[in-house]
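This is what each chain is made of:
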Amino acid sequence: MNLTLKIWRQAGPKSKGEMVTYPVSGISEDMSFLEMLDVLNEQLNARGEEPIAFDSDCREGICGMCGLMISGKAHGPEVTTTCQLHMRSFSDGDEITIEPWRADAFPVIKDLVVDRSSFDRIIQAGGFISANTGAAPEAHSVPVPKPKADRSFMAAACIGCGACVAACPNASGMLFLGAKITHLGELPQGQPERDARVVNMLTQHDDEGFGGCTNIGECSSACPKEIPLDVINQLNKDLRHALAHGE
Amino acid sequence: MATNTLPVTGKPRPASARRTTVFMKLLMALSGALFVFYVLMHMYGNLKIFGGVEAFDEYALHLRTILMPILPFGGFLWLFRALLVVALVAHAWSAFYLWSRARGARTTRYVAKEAAKATVKSRMMRWGGVALLLFLVWHLLQFTILKFNVGTEAAGDSAGKLVISSFQVWWVVLIYLLALAALGMHLWHGVWSASQTLGWTSSARSRRTAKSVATVIALVTAVGFALPPLAILFGIVKG
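From first to last, the protein sequence lines are chains G and Z. So in the UniProt record's numbering, spot 37 of the first sequence is number 37, and the numbers just go up one at a time. So in the UniProt record's numbering, spot 80 of the second sequence is number 80, and the numbers just go up one at a time.
These are calculated hints, taken from the structure and not from any lab test. We treat Cβ as the ideally placed atom computed from N, Cα and C, and that holds for glycine. There could be a bad hint or two in this list.
Label-pair restraints from in silico Cβ distances [said to hold, decoys possible]:
| # | chain 1 | residue 1 | chain 2 | residue 2 | range |
| --- | --- | --- | --- | --- | --- |
| 1 | G | A157 | Z | R123 | 21 to 31 Å |
| 2 | G | A157 | Z | L227 | 48 to 58 Å |
| 3 | Z | M41 | G | P145 | 23 to 33 Å |
| 4 | G | N132 | Z | T119 | 47 to 57 Å |
| 5 | Z | V85 | G | I129 | 39 to 49 Å |
| 6 | Z | L83 | G | S130 | 36 to 46 Å |
| 7 | G | S28 | Z | S212 | 42 to 52 Å |
| 8 | G | V24 | Z | T119 | 27 to 37 Å |
| 9 | Z | L134 | G | C63 | 33 to 43 Å |
| 10 | Z | T108 | G | C63 | 18 to 28 Å |
| 11 | G | A157 | Z | F234 | 16 to 26 Å |
| 12 | G | V24 | Z | L136 | 47 to 57 Å |
| 13 | Z | F96 | G | A11 | 35 to 45 Å |
Let the sequences and hints guide you as you build the complete structure.
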């Protein structure tokens, strides 16, 4: 396959970036999208040019490290992460635009790499439960109804990649936040901190400069883990309850 | 307890549910719910024109005598108007606040961005809302504050005659039809969005219900409001 890539190049956090066009050839349709970028980087290296910086870690779609805006879609045209997107999803001669996640809460570090520490700070603000350490408690001592366990597990599938923010017209982090609220709120272990959690995490989310939700649904359709929009409903519901409890 | 490994950015502030963006959304949803109730009542009242000018004027008079003699003549109407103004301020203020936040949340735009789920109705919420606000000014000037008559027939003090005279003018009807299209779209997305904001859509079934209710309310409102002007323009209802 021969492709034309239009890639965002930015030397550093303070530098002014621009789109640069690179032709690549000899791409196999069995390559992953990141392997295709590796091929381009080897060519750039050989020419003595600065390779394109992009994030990746596990390359098996479970860590949430990679993430690129590919021709206007977060993680590209398939429901998966960028590392698990394969070149067979494209055609020979395609022109592909590659940009970093765009949100002021995700500042660009270099080229396609963004700083998602804002997500970590949201988690720090309340994405935890308090538990006694030491001897592990008997697993069956706290019963969890199956539907709640399932919903919690569905929400826990969130890998924090940030595609929801990238796809959202408001650059809102509420699908991510809602997933964490649902994940912990559905379980008995998450109850003691439930009200404080939603208020603290949401306050941190707002302070980081993320936008608000307008219930359009772009986030959910971009999510590689198919987290449904109803986790945002859960976030709203928990906030309403916290409000009623005087938080 | 998580360990503090990252510096906290921005100035720390005491967390309160009242100072969150979701609280603003709640304000918007609740004030919006009042407007939904109001436009449905208003639409129903307008249909009285099909009973003739007298029936319409009698209805208009009745609106001013609700809860009399506990309240003075027009008392209930003015209380309700005050409530609507408060709701309008809350609705528009929270909308503009969240709009400006959203603009600040992505100051560098994408070169290429494709929408997967966004529809005309969800994209037009903000500008459609602004259009409705402008229409509201025109509408209040025309029928409540100045009561100016753009038609040719004398209306006198009769609200019914003013309505009939006004909607015999084609461009007035056109303005109203455009406003109704904006209102219908606003309600179509707004009712669903408010259900989501109020936390009523946790299951697939409740989501489907919320979307159906939104569609029905949007259609009933837009069609119900459009009937009297169209009937007057085409001479089905005469003064």
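Which numbered conditions among the earlier hints are violated in the structure presented, ordered from lowest to highest? 3, 9, 11
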